[in-house]
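Protein chains in written order, with the numbering used here: chain A, 25 to 328; chain B, 25 to 328; chain C, 25 to 328; chain D, 25 to 328.
Warning: the hint list may mix true and false statements.
Copies of the same chain look alike in the list, so a pair counts if it fits in one copy or across any two.
To be verified - Keeping only pairs whose Cα atoms sit at most 27 Å apart, straight-line, the calculated DSSO-like set for lysine-lysine is:
| # | residue 1 | residue 2 |
| --- | --- | --- |
| 1 | Lys-180 | Lys-238 |
| 2 | Lys-248 | Lys-318 |
| 3 | Lys-305 | Lys-240 |
| 4 | Lys-73 | Lys-183 |
| 5 | Lys-318 | Lys-47 |
| 6 | Lys-183 | Lys-240 |
| 7 | Lys-238 | Lys-293 |
| 8 | Lys-293 | Lys-153 |
| 9 | Lys-183 | Lys-248 |
| 10 | Lys-305 | Lys-47 |
| 11 | Lys-57 | Lys-183 |
| 12 | Lys-156 | Lys-47 |
| 13 | Lys-293 | Lys-248 |
| 14 | Lys-180 | Lys-73 |
The set of hints was computed from the structure by calculation and includes no laboratory data.
Given the structure is predicted, the values throughout are model-derived calculations rather than measurements.
One-letter residues, chain by chain:
4 protein chains.
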Amino acid sequence: MIDFQGVLVAINEAANNEKEKGKSADYIPELAKVDLNNFGIHLIDIQQKNFSAGNSDERFSIQSISKVLSLSMALSLIGENVWERVDVEPSGDPFNHLSLLELENGIPRNPLINPGAIVIADILVSQLKNPKEDFLAFVRNIANDDTIAYDLDVAKSEKRTGFRNFAAANLLKSYGNLNNDVDVVLDFYFHQCSLSMSCAQLTSTFFLFINHGKCKRNNIFLTKPQVKRINALMLTCGFYDESGEFAFEVGLPGKSGVGGGIVALLPNKFCVATWSPGLNKKGNSKLGMLALEKLTTETELSIF
Amino acid sequence: MIDFQGVLVAINEAANNEKEKGKSADYIPELAKVDLNNFGIHLIDIQQKNFSAGNSDERFSIQSISKVLSLSMALSLIGENVWERVDVEPSGDPFNHLSLLELENGIPRNPLINPGAIVIADILVSQLKNPKEDFLAFVRNIANDDTIAYDLDVAKSEKRTGFRNFAAANLLKSYGNLNNDVDVVLDFYFHQCSLSMSCAQLTSTFFLFINHGKCKRNNIFLTKPQVKRINALMLTCGFYDESGEFAFEVGLPGKSGVGGGIVALLPNKFCVATWSPGLNKKGNSKLGMLALEKLTTETELSIF
Amino acid sequence: MIDFQGVLVAINEAANNEKEKGKSADYIPELAKVDLNNFGIHLIDIQQKNFSAGNSDERFSIQSISKVLSLSMALSLIGENVWERVDVEPSGDPFNHLSLLELENGIPRNPLINPGAIVIADILVSQLKNPKEDFLAFVRNIANDDTIAYDLDVAKSEKRTGFRNFAAANLLKSYGNLNNDVDVVLDFYFHQCSLSMSCAQLTSTFFLFINHGKCKRNNIFLTKPQVKRINALMLTCGFYDESGEFAFEVGLPGKSGVGGGIVALLPNKFCVATWSPGLNKKGNSKLGMLALEKLTTETELSIF
Amino acid sequence: MIDFQGVLVAINEAANNEKEKGKSADYIPELAKVDLNNFGIHLIDIQQKNFSAGNSDERFSIQSISKVLSLSMALSLIGENVWERVDVEPSGDPFNHLSLLELENGIPRNPLINPGAIVIADILVSQLKNPKEDFLAFVRNIANDDTIAYDLDVAKSEKRTGFRNFAAANLLKSYGNLNNDVDVVLDFYFHQCSLSMSCAQLTSTFFLFINHGKCKRNNIFLTKPQVKRINALMLTCGFYDESGEFAFEVGLPGKSGVGGGIVALLPNKFCVATWSPGLNKKGNSKLGMLALEKLTTETELSIF
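One chain only, chain A, in its complex shape (with noise of 0.2 Å):
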């Protein structure tokens, strides 16, 4: 039996000791006035038993984590239709780069960078009554938690300067892979990626996809090939152009935040939140990074 609670005690140690902390993100001005000595992380296992270290129960942006609920839902309403306007393929390239989208006609790599995520926006704006409203409750069903919310300043504040997410959104929109407004579609995407939550709570709205699509109550969200494909599209596009060095040191599904948070399972076994807000030259938090290799490492738990 593995010690989890003792690896995350030694994890968070190491982390407050580590001298470089990594930046936050600036260009969203509501993120950066987060301290950066934050670090939590919490593990639940297959058997719903839960460890935390550090401040696991405080609450922070979710941020580009939110792609993978999103991307969730989307296939629960319309499932395989969705891979007729995004791919599932790497980008190799940084998260805001629309070079490829130009090269691709306008049919992004994968739901988990911003082009992709902005597609998948835009179905669920096609497809709920009432967008926001509908996912919120869609995450706060999966998660077995009402008080999961928006941070509406963070929404306004990226609404604010979210330049790169308008002009992926109108170059989107210019190969008629948009359906509905640029404004509209961006206002759903923003409100979403500022969803806000612990590291305890990103641990229970994940456990479905450790679970074969069953949340921590036992309702099934997702079929089985849905969960298996997202947790392979996590994988291997969940850290931008770094996902290739995290499957490599790390060796698990997972998908990282601006905020600072990363989420990472190994299907049957565990899953884990980590939440510390600076980040490294990637956009990806560097004390999380380097919690997750520990975690595997002390662990020699991976999928490989």
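Since chain A is already given, all that's left is putting chains B, C and D on it; use the hints.
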């Protein structure tokens, strides 16, 4: 002495006999309506003698040709400071690609492609009290023609469908190379592009580029070095990714627009404008290109 | 208990009934000669039980599959120093594009695309006394099979026509990322790619990747972390620009070759190899891809 | 009447006083040896009057300037068929990038960048009985100077280190745009580039480009349209990714070489050559660029 009138008449006849007249620019709905059979040509020589053939007095949307005029006004206002925000190299890319913008950190390749012209529009919005009115006054002034006006239907049509320009402007904004609001800059830009002129009016407007910066009434609007440099830019960058071809086949500085207009000139000698709405694959007027090739071949006049 | 034999038989039948069998790799003349109707599959489980169907004992050119073997030998010789000369990110590009190499100053994206494999070949040429002989001995050793050999006709054929590889090697040399002569490195590389094996032999050779680095006779050739990382690389980069698709549809680490072979594996469980010379548009075996999709769908075994 | 001699003397003085003289082309070892303090300039007018200052009679390696000469010979041999294998557009890229070659299926952007010049070399190798001897005879002929010769040490030096050119030639070969052996074509190409001339000799050689195709002794080597087009190419493509800048600042067709030479010309008026081995960041002679800027500014002579 060259018989310009004879050459123009022959060119007009050849244009009317040409069967393949190209395709209209269908991405701007208002432009798609124009009859493909139109052809007009007008030439003014340095002594201000005028020659014409075909529909040389019918007005059309000058579109990208206006980029030379906005650049001229920006140079007259802030001089060489313009070059801190836009480069002077050919792009080697179709007129709408944003890729280079990303590779080069938000500095457009030159002021005659869309992203570069949007930066120039931003400069004018910053410098002018009433940008749209003041720019129109500038154009009327250098042309000595107060009937020149915006085509508001075209401006509106482009605003509704110009997603690539919204993408470019937002991308520029994300790189800090746009000081004003995207909507304000593009409103100005779409008006600027909607300027409506005939071939005759275009040659009046561009007369100063063959006359060392002095317009038809001898007022000075640009310095000699400024005129030299704008002419150089027209030669290397005036025809999107067909600029080399145009220099090679025609051998004159010039600028085309998706409305089907082309203006070209030989310093100290003549300025010529053609109009025919059918475009070739590279987005330049098909009959206009042929007409100018014929003009320089028959007259053996070119800068080379 | 899973009835592997039953599944393989069904897969073989489905493959034989498939009408569209893809196209052979015509750019290597020797490979173009092989009959498209060939199909073979072989699976070895962690207890070294063997299952097979179709032409599983016919030898073919393993081509790019050999890149995993040369990488393994390089890692066994100089360890993590390998990563100073080649990265671990998916390329997001077809297997032969040199563009990224230029953008990234001569550091190939990963060791499983051609430029990366050429760097690995350069390492082996530097490290080994008799590179071709020593590498063959390494492969025979981990496979426990002394009948494995190069196909000299294929090696010669590729040498005469492998202009893109000569281009890549010279480009690497121009960036200082190739220490030996281009001709010497490519002579080794073309031999390495010409290794001839059957599906059965491939699974013997790759057995150590499901067995923590121990080959069938229990000798240790790679450390656990090395095996984990090679498996991660196969998952993210093993199928050119179809790597995401393979992870998504099949969900196993693996590697394909233009000879029509594919090897894939589930750590601790099984290793499988297929062969069918007809390729799909992305350069991977058409029937092989379908076979492995069927295998993981029917058995519900994958890393996700 | 312009006092050319006075202007050249002033330019020479300014060049000698300039402190930052650029860097020599260290990637060709033989070129790296030349003293950075060298500066020479020579001008010939249409009446064949000669003016000079500085080291205008010292010979240097003309390198890429030779591309204009090989193109001229190819045009004189097979006419417009040349354009089936190479385009006429500016590349918008540094001189050594292969990326565009891949995007555009092996058709180089223009004959004045390396891959384009290698295609031209291939044409000459196919057309000429003794390529190296025949090309040298052609150059001596148009220059009316039998002392012009290859610098065999430079040719050898480049052969040993010209890996990017080997990469380009192999890439062209892989696209079917090279008919002869890579080694044979590059052997010719390296000799062509090693042509050694003084500024005075360069202006003699290029005299035909200001004289409608007639060389100094009045023999005709090119047609008027051919001269016009080569001049157009020099203007749009003669200075790598600084071509726009040169047209903008200087306003003359011209061609530079990494040996530090530049030739520029005004049709019907004059041809000028400068030499100074220190290069700027874009690979063009630093002092030469300044000299030509000064020349056109002082004399107010340019094509615009």
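Here's how the hints hold up against the structure:
1. Lys-180 x Lys-238: neither (33 Å within a copy, 51 Å between copies)
2. Lys-248 x Lys-318: between (29 Å within a copy, 15 Å between copies)
3. Lys-305 x Lys-240: Answer is neither; intra-copy 35 Å and inter-copy 42 Å both fail.
4. Lys-73 x Lys-183: Close neither inside one copy (39 Å) nor across copies (56 Å); limit 27 Å.
5. Lys-318 x Lys-47: within (21 Å within a copy, 46 Å between copies)
6. Lys-183 x Lys-240: Classified as neither; 34 Å inside a copy, 49 Å across copies.
7. Lys-238 x Lys-293: The answer is both: 14 Å in one copy and 25 Å across copies each meet 27 Å.
8. Lys-293 x Lys-153: neither (36 Å within a copy, 46 Å between copies)
9. Lys-183 x Lys-248: Neither, since 36 Å and 46 Å both go past 27 Å.
10. Lys-305 x Lys-47: within (8 Å within a copy, 33 Å between copies)
11. Lys-57 x Lys-183: Within one copy, since 17 Å is at most 27 Å while 37 Å is not.
12. Lys-156 x Lys-47: For Lys-156 and Lys-47, neither the intra-copy (30 Å) nor the inter-copy (43 Å) Cα distance is at most 27 Å.
13. Lys-293 x Lys-248: For Lys-293 and Lys-248, the Cα distance is within 27 Å both inside one copy (16 Å) and across copies (20 Å).
14. Lys-180 x Lys-73: Neither, since 37 Å and 60 Å both go past 27 Å.
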